[in-house]
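**Q** Here my numbering is used: the first residue of the sequence shown is 54, the next is one more, and so on.
Source of the hints: derived by calculation from the structure; they are not laboratory data. Worth double-checking, as some hints may not be accurate.
[As the list claims (entries may be wrong)] Here are the computed lysine-lysine pairs in the DSBU-like style, where the Cα-Cα straight-line distance is at most 35 Å: (1) Lys97 / Lys169; (2) Lys192 / Lys169; (3) Lys97 / Lys137; (4) Lys194 / Lys230; (5) Lys137 / Lys192; (6) Lys169 / Lys194.
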Amino acid sequence: MRKNLLLVMLLVGSLLIAACGDQRSDKEVVVDAFESVLEAESYKAASDVDFDFSLDINDPFVEPYLQMINDIELSFDQTYDANKELQEAVIYFEGQMAPLTINVEVPFLQDLANEKMYIETDSLVDNLGMLFPIPEEAKGKLIEIDIEEVDPQAQEFDQAELEERMQQMLTELLENKDDADFTRGEDDEYIVSFGENDVRTLIEEFFNEFSDLLTPEELDMINEDLDEGFDELFEVLTINQFDVAVEVDGDELTRQTFTIDFNIEDAGESMDMAFIVDTTYSNMNGDVEFTLDPENADIMDFDELDQMMTDMMMQGGF
54 MRKNLLLVML LVGSLLIAAC GDQRSDKEVV VDAFESVLEA ESYKAASDVD
104 FDFSLDINDP FVEPYLQMIN DIELSFDQTY DANKELQEAV IYFEGQMAPL
154 TINVEVPFLQ DLANEKMYIE TDSLVDNLGM LFPIPEEAKG KLIEIDIEEV
204 DPQAQEFDQA ELEERMQQML TELLENKDDA DFTRGEDDEY IVSFGENDVR
254 TLIEEFFNEF SDLLTPEELD MINEDLDEGF DELFEVLTIN QFDVAVEVDG
304 DELTRQTFTI DFNIEDAGES MDMAFIVDTT YSNMNGDVEF TLDPENADIM
354 DFDELDQMMT DMMMQGGF
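Could you build all of it, start to finish, from the sequences and the hints given here?
**A** Put into structure tokens, the structure is as follows:
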């Protein structure tokens, strides 16, 4: 009898420990989840982007173009490996540009260590060759872009340092929000709500954090514009919804849904815009594979591609 009673007590005790083991607040769970991605050594992510625009500007010619934009299907996959210093994004775009249907799949690979960007051209040639001067000779190659040549200032800043500072800024923004802005949804979903003050704070903190990248004159101009512009902006801008819903597994972020819905009304005309970006994370800190492999690919320098495109235009081939 005593043995059975002891087993029951142990079972009940185990259940109580399991139920009370995580005493974190909703806010702490969300902050820890965001940090799990920002501090991850590697991960894969898949994102779907949905948007809905509507205008009230009394212009019937705008409606077809607006519908075309709303019908666009946009998604992208991401792969990141801190040890290899590589990050990749594959963009998927499908839309109608009457009478054409465009279905583009474009992988980009960034070599963080060597400041190089690689772009696969196959889908661009097949889908956009008739709209832009992209030569057939570029198909089957990877276009190599030297980031320092495109942006000379890039070499002055350490990207790892910039990412660390951005991580700290975002973490502090979440940590400084009120507990009431964090709510628990169904299952393992948590929702963070943002308002007008958060938008102001985010913009201000961004420029404060990276003020050392600007000249004193540029910083004074920005601060003046912010002081005057915020009041003017929120006279015409109404934020209907601005929140981020996250799903967690332990300390890890598994899914993030960013939703913003706002209205701009000015001079008797109005515009409604809604965006939803739904991202699922997987293989956190695991082995990841990349779509592009520059070491075993046929590389074309961007200057060479640029010259070929210029020649096509000069020869009247486009």
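**Q** For each hint, tell me whether it holds in the structure or not.
**A** Right, here's what the structure says about each hint:
no.: 1; hint: Lys97 / Lys169; result: holds (21 Å)
no.: 2; hint: Lys192 / Lys169; result: holds (20 Å)
no.: 3; hint: Lys97 / Lys137; result: holds (14 Å)
no.: 4; hint: Lys194 / Lys230; result: violated (48 Å)
no.: 5; hint: Lys137 / Lys192; result: holds (27 Å)
no.: 6; hint: Lys169 / Lys194; result: holds (15 Å)
In the structure shown, a violation is registered for the earlier hint numbered 4 alone.
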